[in-house]
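Student: Sequence:
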Amino acid sequence: MDGLLCYCRAGFEPDLAAELGDRAADAGLHGHARTARGDGYVLFVGDPALATHLPWRSMVFARQSLRLLAELRGLDPRDRIAPIVSALEALRVDRTPAYGTLWVEHPDSDAGKPLSGLARSFGNALRPALRKRGLLAGVEQPNATRLHVCFVAGDHALLAESDPGASAPWPLGVPRLKLHHDAPSRSALKLEEALLSLLDDAQRRDWLRPGMTAADLGAAPGGWTWVLARHGLQVTAIDNGPLRQHVLDTGRVEHLRADGFRWQPPRPLDWMVCDMVEQPARVARRMGDWLREGWCRQTIFNLKLPMKKRWLETRRSLDAFADSAAVPLAVRARQLYHDREEITVHARRTD
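Counting from 2, one number per residue, gives the positions in the sequence shown under the working numbering.
Warning: the hint list may mix true and false statements.
[As the list claims (entries may be wrong)] For each label pair, taking beta carbons as the anchor points, the in silico distance ranges come out as: (1) Gly75 x Ala331: 44 to 54 Å; (2) Arg187 x Gly124: 27 to 37 Å; (3) Arg231 x Ala37: 36 to 46 Å; (4) Pro329 x Ala203: 51 to 61 Å; (5) Leu178 x Asp320: 27 to 37 Å; (6) Gly124 x Asp290: 24 to 34 Å; (7) Leu178 x His247: 15 to 25 Å; (8) Glu90 x Ala154: 22 to 32 Å; (9) Asp77 x Thr53: 54 to 64 Å; (10) Ser186 x Val332: 22 to 32 Å.
The set of hints was computed from the structure by calculation and includes no laboratory data. Every residue, glycine too, gets a C-beta built ideally from N, C-alpha and C.
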């Protein structure tokens, strides 16, 4: 079976399916989506080149993107291992190297979450069986191709594989973050996940250095400002509402009571972040203004989406952002685990 297995937030399957269809068409590839609302995943079946031309990092609504290998239905609960081993051996006609690691997963959905216990126990039983047949390395090799077994029901599994360098490094594509006891609000997790998901290790090291400057538009009560201050940045927090006192007490924050859509910095900043509740196209255009005018070098912002046609609105808003910026940009957009009816965008000038 050729195609992709992509995980997403439950309820956003039609949006991911629409995104996959448009991206495949743009790449000149054929494919069709199989999914149902609430599944927490989308199968996009079609051209063998889909996995190469639709990388995970380029997608908005996919938490994880895997190369689909096979679909196994009607598994006998008394022996699920034998048909999985047989299917993998049939796929390895060229005796490709053993998989480096095995992840046994389940969709992050109401139907999938009860399968978490099965996934944990089955992985412990499947690993030695795969190693015995030479399908899995005897010692984990994190950089080698990864095997995924996704249970969507007790008798229904999907087999897939991924390149660790081109896929999410977390099971289900979900980084496990814990809210710090000092965080002013849960929104802090959104920026922490954005920095982890949209930047790589070298970028975080080079672009988040103590002493750098930032603005947080719509800062109250201070969740995103607090995250930046913890990285050592000097932050100008823009909001007519109050910030939590312990955020101000860091000594790295200046609070200005002003309209985030109107304020502009007196001198260029390293960063601007924004999590204001407003029409996505309006936010996108204002973010483009910041980059066009050189008020910041790079930005992370959220776009609040409508309840319907969210992929269409995403494309429109990102196009409006690019048109407003009118400069060369590197852009990554993703619906994060801690996002809800929104997506998070990182952009920087490349000229």
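Student: Give a verdict on every hint.
Tutor: So, going through the hints one by one against the coordinates:
no.	hint	result
1	Gly75 x Ala331: 44 to 54 Å	46 Å, holds
2	Arg187 x Gly124: 27 to 37 Å	31 Å, holds
3	Arg231 x Ala37: 36 to 46 Å	41 Å, holds
4	Pro329 x Ala203: 51 to 61 Å	21 Å, violated
5	Leu178 x Asp320: 27 to 37 Å	31 Å, holds
6	Gly124 x Asp290: 24 to 34 Å	49 Å, violated
7	Leu178 x His247: 15 to 25 Å	20 Å, holds
8	Glu90 x Ala154: 22 to 32 Å	24 Å, holds
9	Asp77 x Thr53: 54 to 64 Å	35 Å, violated
10	Ser186 x Val332: 22 to 32 Å	26 Å, holds
Hints 4, 6 and 9 from the list above are not met by this structure, while the remaining hints are.
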